[in-house]
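Novice: Chains as they are written, first to last, in the numbering used here: chain W, 46 to 430; chain Z, 46 to 430.
Rather than coming from a laboratory, the hints here were simulated on the basis of the structure. Please note that the accuracy of each hint is not assured.
Because identical chains share one entry, a pair is satisfied inside a single copy or across any pair of copies.
List time: in silico SDA-like cross-link candidates among lysine to any residue, alpha-carbon distance up to 25 Å [unchecked claim]:
| hint | residue 1 | residue 2 |
| --- | --- | --- |
| 1 | 367 | 426 |
| 2 | 47 | 125 |
| 3 | 425 | 353 |
| 4 | 198 | 410 |
| 5 | 375 | 258 |
| 6 | 422 | 233 |
| 7 | 50 | 339 |
| 8 | 422 | 251 |
| 9 | 326 | 313 |
| 10 | 198 | 422 |
| 11 | 47 | 230 |
| 12 | 92 | 173 |
| 13 | 367 | 427 |
| 14 | 375 | 227 |
| 15 | 198 | 247 |
| 16 | 422 | 197 |
| 17 | 175 | 49 |
| 18 | 224 | 240 |
| 19 | 50 | 233 |
| 20 | 175 | 151 |
| 21 | 175 | 341 |
| 22 | 50 | 197 |
| 23 | 336 | 93 |
Every value quoted in this text rests on a predicted model; they were computed, and no experiment measured them.
Chain by chain, the residues:
2 protein chains.
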Amino acid sequence: MKLAKPLQNIQPSYIREILSAACSPDVISLAGGLPDDTTFPLELMSKSLKDLPNRAQLFQYGNTAGYAPLLEHFRERYQLPSSHDGIVCTGSQQGLDLIARAFINPGDHIAMEAPSYLGAIQVFSLAQAKIKSISQRVDGPNLEELEACFTTKNITLFYAVPDFHNPTGVCWSLAVRQKVAQLCQKYNVTFIEDAPYRELRFNGEHLPLVSSFCPDNSMVLRSYSKIATPGIRLGLVTGRLNWISALNKVKQAADLHSNTPMQAVLLDLLQHDEFIQHLAKLRHLYHARYKALIQNISLKLPAYCHLNTVDGGMFIWLSLPKCDVDALAKSALEHGVAVVPSSVFYQDRASVASALRLNFTNASIEELGDAIERLAKVIKNYCPS
Amino acid sequence: MKLAKPLQNIQPSYIREILSAACSPDVISLAGGLPDDTTFPLELMSKSLKDLPNRAQLFQYGNTAGYAPLLEHFRERYQLPSSHDGIVCTGSQQGLDLIARAFINPGDHIAMEAPSYLGAIQVFSLAQAKIKSISQRVDGPNLEELEACFTTKNITLFYAVPDFHNPTGVCWSLAVRQKVAQLCQKYNVTFIEDAPYRELRFNGEHLPLVSSFCPDNSMVLRSYSKIATPGIRLGLVTGRLNWISALNKVKQAADLHSNTPMQAVLLDLLQHDEFIQHLAKLRHLYHARYKALIQNISLKLPAYCHLNTVDGGMFIWLSLPKCDVDALAKSALEHGVAVVPSSVFYQDRASVASALRLNFTNASIEELGDAIERLAKVIKNYCPS
Chain W
46 MKLAKPLQNI
56 QPSYIREILS
66 AACSPDVISL
76 AGGLPDDTTF
86 PLELMSKSLK
96 DLPNRAQLFQ
106 YGNTAGYAPL
116 LEHFRERYQL
126 PSSHDGIVCT
136 GSQQGLDLIA
146 RAFINPGDHI
156 AMEAPSYLGA
166 IQVFSLAQAK
176 IKSISQRVDG
186 PNLEELEACF
196 TTKNITLFYA
206 VPDFHNPTGV
216 CWSLAVRQKV
226 AQLCQKYNVT
236 FIEDAPYREL
246 RFNGEHLPLV
256 SSFCPDNSMV
266 LRSYSKIATP
276 GIRLGLVTGR
286 LNWISALNKV
296 KQAADLHSNT
306 PMQAVLLDLL
316 QHDEFIQHLA
326 KLRHLYHARY
336 KALIQNISLK
346 LPAYCHLNTV
356 DGGMFIWLSL
366 PKCDVDALAK
376 SALEHGVAVV
386 PSSVFYQDRA
396 SVASALRLNF
406 TNASIEELGD
416 AIERLAKVIK
426 NYCPS
Chain Z
46 MKLAKPLQNI
56 QPSYIREILS
66 AACSPDVISL
76 AGGLPDDTTF
86 PLELMSKSLK
96 DLPNRAQLFQ
106 YGNTAGYAPL
116 LEHFRERYQL
126 PSSHDGIVCT
136 GSQQGLDLIA
146 RAFINPGDHI
156 AMEAPSYLGA
166 IQVFSLAQAK
176 IKSISQRVDG
186 PNLEELEACF
196 TTKNITLFYA
206 VPDFHNPTGV
216 CWSLAVRQKV
226 AQLCQKYNVT
236 FIEDAPYREL
246 RFNGEHLPLV
256 SSFCPDNSMV
266 LRSYSKIATP
276 GIRLGLVTGR
286 LNWISALNKV
296 KQAADLHSNT
306 PMQAVLLDLL
316 QHDEFIQHLA
326 KLRHLYHARY
336 KALIQNISLK
346 LPAYCHLNTV
356 DGGMFIWLSL
366 PKCDVDALAK
376 SALEHGVAVV
386 PSSVFYQDRA
396 SVASALRLNF
406 TNASIEELGD
416 AIERLAKVIK
426 NYCPS
């Protein structure tokens, strides 16, 4: 069989490939978007995991929308009005894929920030959407560009990660959030708010969801990979009833439903008395690592390496003078440190800014120091001052 | 947002809808395709479920193709040659969806038996395939029709359930299996062999997979919903390396990977000393229920109700004189018995034969007796002799 057309131009995920290479014990990986597995709240999940053999009903076929008590919990937790609902997905990645399949026809225009989350670029490319790139500032998307894009093109949806953006770590300001919501309402563009890092704020004040300013023009994707564990593959999409009902139809064909025993375990975890402390510990640990990383960078990397500070999330974006970032990342791997070159986060290769995405959640403070030392040697070869 | 075109003609699954209605305690359901949850091998899974909190690595992001030790087990269990591989899916339903997304362009022709599995009709409709229906005989598809279809149309794939077909329970004869494989090779059609009920044979001799006669022209879908439990959502696709690699690309966008803790639990279960006894008990139970069902039918239903006997699986197909099967099924539900009318298993409503699909795996012998009594009253109203 020949590959279907949408697949012919899709490359396998560079990140998923590099993650395999980065498994070697000699390599320190700042490449993945992996939470630290020593922080997984397995102790808090232990009782419900051990109780699973006594709950046969969880192992039967379940509802496509999700395990009913978990959905009920989400409705309360996220204060959904009666006009809205949620659907549990096999990771928020599936949520995004369902949205694209339910609402995008080949050739439809959608908007995304550039750079942007690779998994979203893959999903919208598979859906054969025409992706319009909006450049990013330190407080969110360039609003003039965004409005111009909404005005000149018939944009179906605008996908973004307003809290601790992947890959740049940028967190949208309150003013930008309100303005984007306003523009989406004015031009009838649906805002797809991807919020996997939202709970990982270690600095500054919690800001409202963009969607809270345009609830009927938006859908929210939530992930339990960062605050619970990724291996259980559970995410959530919330939005208007008729939109969630469309996602349900696609999900029936896509996988019938997501695994129910883990939905029950997730519910118990989210309701556990000590879950709040778990989150606090997680933020504390990641904050310490983040501080170590930026300190190492300022000590060991040339002054022309620039980073914008972040208030949470899992990544920083290290801007470099114009250079071949792919060759640099490859050489870094040979020198024992895995990083992701900026090129993989742009759908339009022409607009690539030279930069590296560095993850700070899955390496110890000592490893972060060693990693930057190794990186320093390589950067000097590729970006001679 | 407007629904994408492929979704505009998709109805939500009648079966998934009826399953909700059938949950009422007053209703005996022969409608679903549910295994009996009292038979779930939770005792055999108990040790590994309880051990999960000690295996943090299973809760980290995993490989898209699946948990490596489980994949290794599958390669041995199914004796895959080095030219072939497998990919673990979120239920075999996802496997089917990935195949359609990887290999079907809108307008491509595919072949299926009529009637056929509703989930497959949904998947191929979403992919906007043109479905050519092949009628079914007691020993498999009508071979003349199949060859005529392969000759006149450019058929990409032929999807079928050769072992205890859903909905009819038909099991293809050895001669038909060989001939279909030969035709697929001759006309370069990929055979998609869906085998969820294969291990549920309670009578007669085990027959080779159709794919064993055309390994390079086929992919096999396996489900662990019937022999382990459905709630864990795990299935497998096997086939040629380049085809599996294409499925991997789609799966990266679709959900990154399937849940890993349950993959580890499934591996332990498949390797458990007592797993073979579990399967034997399951077959014994379903056989007893099947016998009770057909005995009740012959005693309580009018002689014009015809069923072909089955040697395994979960369903029988009760043929009726021409009547309004949708109205009949609706009335049956009001009389306390849920069944599925034949109409939902045809993509071409014009060719619908009047029949009901009856499941015998999820009701006790006593319930099966009561269900047929309730059905008898309704059938007499809709098919007066």
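Novice: When Cα atoms must be at most 25 Å apart, do residue 50 and residue 233 count as within-copy, between-copy, both, or neither?
Specialist: between (30 Å within a copy, 20 Å between copies)
Novice: What label fits residue 92 with residue 173 when the C-alpha limit is 25 Å: within, between, both, or neither?
Specialist: neither (45 Å within a copy, 46 Å between copies)
Novice: Checking an output row: residue 336 and residue 93, CA cutoff 25 Å. Within, between, both or neither?
Specialist: neither (35 Å within a copy, 39 Å between copies)
Novice: Go through the copies and call it for residue 422 and residue 251: within, between, both or neither, with a Cα cutoff of 25 Å.
Specialist: Neither. Shortest intra-copy (38 Å) and inter-copy (63 Å) distances fail the 25 Å Cα cut-off.
Novice: Checking an output row: residue 422 and residue 197, CA cutoff 25 Å. Within, between, both or neither?
Specialist: Neither, since 46 Å and 64 Å both go past 25 Å.
Novice: If the cutoff is 25 Å on CA atoms, where do residue 375 and residue 258 land: within, between, both or neither? Let me know, please.
Specialist: Result: close neither inside a copy nor across copies, 43 Å intra and 45 Å inter.
Novice: Evaluate residue 367 and residue 426 at a C-alpha cut-off of 25 Å and name the case that applies: within, between, both or neither.
Specialist: within (13 Å within a copy, 80 Å between copies)
Novice: If the cutoff is 25 Å on CA atoms, where do residue 47 and residue 230 land: within, between, both or neither? Let me know, please.
Specialist: Classified as between: cross-chain Cα gap 16 Å, same-chain 42 Å, threshold 25 Å.
Novice: Is it within, between, both or neither when you check residue 367 against residue 427 at 25 Å Cα-Cα?
Specialist: For residue 367 and residue 427, only the intra-copy Cα distance (9 Å) is at most 25 Å; the inter-copy one is 78 Å.
Novice: Can you tell me if residue 425 and residue 353 fall within 25 Å by alpha carbon in one copy, between copies, both or neither?
Specialist: The answer is within: 20 Å in one copy meets 25 Å, while 77 Å across copies does not.
Novice: How would you label the pair residue 50, residue 339 (within, between, both, or neither) given a Cα cut-off of 25 Å?
Specialist: neither (44 Å within a copy, 48 Å between copies)
Novice: Tell me, please, which holds for residue 47 and residue 125 at an alpha-carbon limit of 25 Å: within, between, both or neither?
Specialist: between (44 Å within a copy, 22 Å between copies)
Hints 4, 5, 6, 7, 8, 10, 12, 14, 15, 16, 21 and 23 from the earlier list are contradicted by this structure; the remaining hints agree with it.
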